[in-house]
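Engineer: Listed below, chain by chain, are the residues.
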Amino acid sequence: MIDVATPALNVSRLHYAYPDGRAALRGVDLTIAPGERVALLGPNGAGKTTLVLHLNGILHGGGGTVEVSGLPVTPGDRPAIAEIRRRVGIVFQDPDDQLFMPTVAEDVAFGPANSGVRGAELDARVDEALAAVGMSDHRDHVPHHLSFGQRRRVAVATVLAMRPEILVLDEPSSNLDPASRRELAEILESLPVTLLMVTHDLPYALELCPRSVILDTGRIAADGETAALLSDRELMRGHRLELPFGFDPAAAAASRADRS
Amino acid sequence: MGAGHAHPLYLDRAGRVHRLAPEVKIVAVLLFTIVVVVTPPTRFWAFAGYALLIAVLAATARVPAFWLLKRATIELPFVLLAVVLPFAGHGERVEWLGLSLSIEGLHGAWNIFAKGTLGVLASLLLAATTTMRDLILGLDRLRVPSVFTQIATFMLRYIDVLADDARRMRIARLSRGYDPRFLWQVKAFAVGVGSLFLRSYERGERVYLAMVSRGYTGRLPQPAHDRAPARQWAMSAALPLASAGIAVAAAVLT
Numbered sequence: 129m130i131d132v133a134t135p136a137l138n139v140s141r142l143h144y145a146y147p148d149g150r151a152a153l154r155g156v157d158l159t160i161a162p163g164e165r166v167a168l169l170g171p172n173g174a175g176k177t178t179l180v181l182h183l184n185g186i187l188h189g190g191g192g193t194v195e196v197s198g199l200p201v202t203p204g205d206r207p208a209i210a211e212i213r214r215r216v217g218i219v220f221q222d223p224d225d226q227l228f229m230p231t232v233a234e235d236v237a238f239g240p241a242n243s244g245v246r247g248a249e250l251d252a253r254v255d256e257a258l259a260a261v262g263m264s265d266h267r268d269h270v271p272h273h274l275s276f277g278q279r280r281r282v283a284v285a286t287v288l289a290m291r292p293e294i295l296v297l298d299e300p301s302s303n304l305d306p307a308s309r310r311e312l313a314e315i316l317e318s319l320p321v322t323l324l325m326v327t328h329d330l331p332y333a334l335e336l337c338p339r340s341v342i343l344d345t346g347r348i349a350a351d352g353e354t355a356a357l358l359s360d361r362e363l364m365r366g367h368r369l370e371l372p373f374g375f376d377p378a379a380a381a382a383s384r385a386d387r388s
Numbered sequence: 004m005g006a007g008h009a010h011p012l013y014l015d016r017a018g019r020v021h022r023l024a025p026e027v028k029i030v031a032v033l034l035f036t037i038v039v040v041v042t043p044p045t046r047f048w049a050f051a052g053y054a055l056l057i058a059v060l061a062a063t064a065r066v067p068a069f070w071l072l073k074r075a076t077i078e079l080p081f082v083l084l085a086v087v088l089p090f091a092g093h094g095e096r097v098e099w100l101g102l103s104l105s106i107e108g109l110h111g112a113w114n115i116f117a118k119g120t121l122g123v124l125a126s127l128l129l130a131a132t133t134t135m136r137d138l139i140l141g142l143d144r145l146r147v148p149s150v151f152t153q154i155a156t157f158m159l160r161y162i163d164v165l166a167d168d169a170r171r172m173r174i175a176r177l178s179r180g181y182d183p184r185f186l187w188q189v190k191a192f193a194v195g196v197g198s199l200f201l202r203s204y205e206r207g208e209r210v211y212l213a214m215v216s217r218g219y220t221g222r223l224p225q226p227a228h229d230r231a232p233a234r235q236w237a238m239s240a241a242l243p244l245a246s247a248g249i250a251v252a253a254a255v256l257t
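As given, the protein sequences belong to chains L and Y, one line each in that order.
All you need for our numbering is the position in the first sequence, starting with 1, plus 128.
All you need for our numbering is the position in the second sequence, starting with 1, plus 3.
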């Protein structure tokens with residue numbers, strides 16, 4: 129079992145510069161406790177995706193450390209990186225990038241198969257992951273023939289099948305119609321995992337994540353309760369974050385509290 | 004497996020040939036084609052026998068003859084070349100309807116036509132009874148280098164995505180009044196092809212990132228390997244054995 133004191137994710141003084149020398153991350157510190165749901169907010173170009181790609185060691189080399197449930201991300205140490213990539217499940221923005229196998233079931237099996245799961249257990253993993261996102265009926269379908277919302281859900285399943293300790297979603301609500309957006313929210317809310325969600329969809333952040341972090345120009349600019357951050361007009365304007373017309377975070381938070 | 008693969012060469016039937024393991028069918032068709040190719044073109048009876056074999060096979064697989072012949076027209080451009088041979092050939096010539104034809108050329112033309120048609124028909128039967136996905140699986144089980152089967156797997160997945168991209172770009176062009184009626188207007192099309200290439204290239208990078216994030220280290224996981232039962236191998240051996248029998252018989256009798 130995971131020690132309660134060990135954070136699910138611990139990022140400390142993380143730096144990174146693009147090959148052309150432009151700084152992308154300038155000392156990011158972020159700690160997420162097991163089971164926490166955190167939204168990562170910030171304008172375009174703030175370094176959100178760069179940070180995400182550091183969490184499983186795809187980008188590295190700029191200084192600073194990343195630890196996942198106590199295991200440091202050590203580039204070059206292949207077994208350790210394989211374990212990190214099992215623990216950190218990243219759902220990318222375009223499901224067509226994530227779903228590359230000919231059928232849904234094969235795609236969901238890809239991750240666990242890479243970590244050595246075989247046979248009946250692999251089938252069980254696939255069934256479990258597809259059931260968690262409500263896509264069990266589509267296991268033998270071709271990804272191309274699914275709707276966009278269904279493909280996004282399958283993309284979440286491909287990562288869930290690896291039983292990650294932390295689920296990282298890049299813009300989960302983008303391009304979804306309102307019904308698919310709500311269905312995905314219900315699925316995400318039902319999952320018992322630590323969640324880090326990169327998003328521009330502020331109401332979505334408020335709905336799903338009690339805590340939010342604002343990343344701007346490669347630094348953590350604010351870290352706190354989502355409702356409080358969204359209600360701080362100065363802070364929001366200062367980081368090019370805007371609420372949809374007519375959206376009142378305080379009222380929305382209150383109605384959310386009523387519901388649960 | 005492969006439900007929903009709407010492919011023009013695949014015919015979804017619950018026939019007995021459909022149920023054979025793909026690797027078994029690939030080997031049978033390959034051997035059959037080799038036997039056909041090595042048969043000397045003057046053994047005419049042998050080719051009649053091969054054609055009969057194909058007809059029996061098509062009937063067993065419940066593939067309609069017309070369906071098969073329509074798709075066999077892909078062969079026509081190649082056969083066109085064969086038509087020229089009797090006129091251009093050297094050596095002894097015969098007169099036929101006032102045309103002077105070379106005997107050697109006639110044999111050459113017959114050779115191309117007969118072997119080409121039989122090969123195309125056999126391949127079409129394979130494609131009609133096996134989905135693309137299963138064909139790749141079959142090749143994989145026959146130990147074809149995984150780099151080829153991986154490329155084929157990705158092609159199978161992304162060809163539709165790519166076609167969709169191309170269609171959307173075309174609609175966007177047409178919506179802005181593009182109407183390529185003259186040759187100098189194809190520039191927009193050419194640029195479109197270029198940007199399609201760039202998009203695919205970038206998508207390739209993103210797909211690779213997503214794969215690496217899920218633990219990809221250079222090998223696709225092998226799908227569960229159930230060996231094709233010996234009974235299936237025996238059943239499908241009927242095709243190459245029968246054709247070899249015909250070839251030998253033709254060689255002995257003539």
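Honestly, the hints are just simulated from the structure, not real lab data.
Since the model is a prediction, treat every value here as computed from it, not as a measurement.
Careful: at least some of the hints might be erroneous.
What the hints assert, rightly or not - Listed next, with one range per pair, are the computed distances between beta-carbon atoms:
| no. | chain 1 | residue 1 | chain 2 | residue 2 | range |
| --- | --- | --- | --- | --- | --- |
| 1 | Y | HIS110 | L | SER275 | 54 to 62 angstroms |
| 2 | Y | VAL147 | L | ASP251 | 19 to 27 angstroms |
| 3 | Y | ARG202 | L | ALA313 | 46 to 54 angstroms |
| 4 | L | GLY366 | Y | PRO183 | 22 to 30 angstroms |
Said to hold, decoys possible - So these bits of chain Y aren't anywhere near chain L, every CB distance computed over 10 angstroms:
| no. | residue |
| --- | --- |
| 5 | ARG16 |
| 6 | THR76 |
| 7 | VAL86 |
| 8 | PHE90 |
| 9 | HIS93 |
| 10 | ALA117 |
| 11 | LEU142 |
| 12 | SER198 |
| 13 | MET214 |
| 14 | SER216 |
The beta carbon of each residue, even a glycine, is placed where N, CA and C say it ideally should be.
Engineer: Evaluate the condition: distance from the CB of SER216 of chain Y to the nearest CB of chain L exceeds 10 angstroms.
Structural biologist: Per Cβ check, SER216 of chain Y is inside 10 angstroms of chain L; nearest 5 angstroms; violated.
Engineer: Is the nearest Cβ of chain L still more than 10 angstroms from the Cβ of ALA117 of chain Y?
Structural biologist: About 36 angstroms separates ALA117 of chain Y from the closest Cβ of chain L, which puts it past 10 angstroms; holds.
Engineer: Is it true that the C-beta distance of HIS110 of chain Y to SER275 of chain L lies inside 54 to 62 angstroms, as the hint says?
Structural biologist: 58 angstroms, holds
Engineer: Take a quick look at THR76 of chain Y and tell me if its Cβ sits farther than 10 angstroms from every Cβ on chain L, holds or violated.
Structural biologist: Non-interface label on THR76 of chain Y holds, nearest chain L Cβ at 28 angstroms vs cutoff 10 angstroms.
Engineer: According to the definition I'm using, a residue is off the interface if its beta carbon is farther than 10 angstroms from all beta carbons of the partner; does MET214 of chain Y meet that for chain L?
Structural biologist: At roughly 7 angstroms from the nearest Cβ of chain L, MET214 of chain Y sits no farther out than 10 angstroms, so the non-interface label is violated.
Engineer: Determine whether the non-interface label on HIS93 of chain Y survives the test: each CB of chain L must be over 10 angstroms from its CB.
Structural biologist: 51 angstroms, holds
Engineer: Since ARG16 of chain Y was said not to touch the interface, does its Cβ keep a gap of more than 10 angstroms from each Cβ of chain L?
Structural biologist: 18 angstroms, holds
Engineer: For the range 22 to 30 angstroms, tell me whether the beta carbons of GLY366 of chain L and PRO183 of chain Y fit it or not.
Structural biologist: 50 angstroms, violated
Engineer: A cut-off of 10 angstroms on Cβ-Cβ distance, and LEU142 of chain Y was said to be off the interface with chain L. Does that hold?
Structural biologist: 14 angstroms, holds
Engineer: Mind checking the hinted window 19 to 27 angstroms against the Cβ distance between VAL147 of chain Y and ASP251 of chain L?
Structural biologist: 26 angstroms, holds
Engineer: If we take the beta carbon of VAL86 of chain Y, is the closest beta carbon in chain L still more than 10 angstroms away?
Structural biologist: 41 angstroms, holds
Engineer: Is PHE90 of chain Y truly not at the interface, in the sense that its beta carbon sits beyond 10 angstroms from all beta carbons of chain L?
Structural biologist: At about 48 angstroms from chain L, PHE90 of chain Y clears the 10 angstroms cut-off, so the statement holds.
In the structure shown, a violation is registered for the earlier hints numbered 3, 4, 13 and 14, in ascending order.
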